[in-house]
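Asks: For reference, the chains in residue letters:
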Amino acid sequence: GAVVSQHPSWVICKSGTSVKIECRSLDFQATTMFWYRQFPKQSLMLMATSNEGSKATYEQGVEKDKFLINHASLTLSTLTVTSAHPEDSSFYICSARANPDTQYFGPGTRLTVL
Amino acid sequence: GENVEQHPSTLSVQEGDSAVIKCTYSDSASNYFPWYKQELGKRPQLIIDIRSNVGEKKDQRIAVTLNKTAKHFSLHITETQPEDSAVYFCAASREVKLIFGQGTTLQVKP
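Residue numbers (the working numbering), protein chains in the order written: chain A, 1 to 114; chain B, 1001 to 1110.
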């Protein structure tokens, strides 16, 4: 149980384009999902908290207009990186919160912006 | 806000030895402390967690201890095996958000 999927697993795009990443909880409902960013050999940095049916809460320093988050259902949250630039290249990981406070992570999406 | 410090950053042990990773946290209201194992290019996997009303928890070769007064918690791995080699992250949480430590790269030499 507690499986989280993420799609795509990797994506390469040109600078200036937008990229959408999906995060799904497969066998449980998640009212709260989280989006993290991880640079090579570094820790997970929380970008935003995504709550079903409401606006996401962004961490300080994260541009909400650049990283659009939508949590339209109890099993799906999406992260859209708008007008991506090379500095946005990173490993993006989502997690979903199961009861009472355990988080299960998706497999991550490797984004490379050329 | 919460801040989590993790030590050491790298740890090399011989197969069969024990490994200990330590974390300290700053927010005394934090009440949930999970540990994750992450292999290269893969997702973090929850290996054990502890809540603030418990001082110690064990699961086979893995144990976690929590000292609320000192605001630190530790991961203990006994009888280490080469497949234990990975990056380990501690985290602390008060309500919903997890704040992660910097990570420890554990290498178990056969």
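Hints listed in this document are in silico derivations from the structure and should not be mistaken for laboratory results. Just so it is clear, CB atoms sit at the ideal spot from N, CA and C, and this is done for glycine as well. Do not rely on the hints blindly, as some may be mistaken.
[As the list claims (entries may be wrong)] Below, a sample of chain B positions facing chain A; criterion: calculated Cβ distance under 8 Å: (1) Y1032; (2) G1101; (3) G1103.
Asks: Hints first: check each against the structure and report whether it holds.
Replies: Okay, the hints, checked on the actual structure:
no. : hint  : in the structure
1   : Y1032 : 5 Å, holds
2   : G1101 : 7 Å, holds
3   : G1103 : 5 Å, holds
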